[in-house]
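Keeping their order, the protein sequence lines are chains D and W.
With the numbering used here as the guide, the letters of the first sequence map in order to residues 2 to 149.
With the numbering used here as the guide, the letters of the second sequence map in order to residues 2 to 149.
You may find that some hints are simply not true.
Identical copies look the same in the list; a pair holds intra-copy or inter-copy alike.
Lysine-lysine pairs mimicking PhoX-like chemistry, simulated, CA-CA at most 20 Å apart [stated by the list, open to error]: (1) LYS43 <-> LYS84; (2) LYS55 <-> LYS146; (3) LYS55 <-> LYS43; (4) LYS22 <-> LYS43; (5) LYS146 <-> LYS22; (6) LYS55 <-> LYS22.
If you are wondering where the hints come from, they were derived from the structure by calculation, not from laboratory data.
There are 2 protein chains.
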Amino acid sequence: MAEFEIDPRILSGSEPLARLKLCDARLGNDARWPWIILIPRKPGAREIEHLAPKDRAQLMEEAVIAGHAVRAMGAALGRPVEKLNIGALGNVVPQLHAHVVGRRADDAAWPGPVWNLPGATAYEPAALARAKAAALDLLQSAALKAAS
Amino acid sequence: MAEFEIDPRILSGSEPLARLKLCDARLGNDARWPWIILIPRKPGAREIEHLAPKDRAQLMEEAVIAGHAVRAMGAALGRPVEKLNIGALGNVVPQLHAHVVGRRADDAAWPGPVWNLPGATAYEPAALARAKAAALDLLQSAALKAAS
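When you get a sec, could you build the whole thing from the sequences and use the hints?
Set out below in structure tokens:
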């Protein structure tokens, strides 16, 4: 069986956050939006249909948890999230992954989508630490709840 | 309880296809991409977290079925789908809805996302009929399987 590895293009644009039941959760390193990327640990999967139905349901639940974490990130950064955007595209990086992004009517792409926009902006170290802590807090309490 | 109604902005850009267990499925009327819109019949829902977990799992299954239907549409139009894009955004129309879109490396937006792009192109009537028949065939056989 092939080993699970995350595509280097995902790795280079994101920071590790947490290992959920199905997915590795990573923080998208673009300070324009609170953003979490979920990568199911299923080597070779490129489309959602490549997951078994129970894993698809789990991906959905992890996307909901990631949505809460994205809201926590937005709040920690002083920019509360007004709308979640969830997408699985894979046009650039074929490895199956899902994006959960926090949007606001005053953000850099509203109301258009965020994907493939030029101008990614690295976080200030202090802001990154705040965003990470807020996301982790939420993801870890969700993981504890799931395990109890 | 509020009645289920589809936002007029969704209605005006799409054609009715089928009533699935959770969602109304509609064909996105933009000939640039085979496209299905799923609208859960849950009045007031704006985010996926507003659905109960079993409905979230059902939405995921209907997105997978819609993906097969989008592939069937692409094949019927002589432009086989190479990648599915699935997204729930709601920045323009807040009513919860999910998009399932068939992409090709030679399409009008590749590798960027399709949402909010100007230039929507109406189908020729014959092509629309072919696309609709191919999608319906798939959606009805999935509905029959689910009921059996």
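Structure-based check of all given hints:
no.: 1; hint: LYS43 <-> LYS84; result: between (29 Å within a copy, 18 Å between copies)
no.: 2; hint: LYS55 <-> LYS146; result: both (19 Å within a copy, 18 Å between copies)
no.: 3; hint: LYS55 <-> LYS43; result: within (13 Å within a copy, 23 Å between copies)
no.: 4; hint: LYS22 <-> LYS43; result: within (12 Å within a copy, 28 Å between copies)
no.: 5; hint: LYS146 <-> LYS22; result: within (12 Å within a copy, 30 Å between copies)
no.: 6; hint: LYS55 <-> LYS22; result: both (12 Å within a copy, 18 Å between copies)
Every hint, counting from the list given before, is met by this structure.
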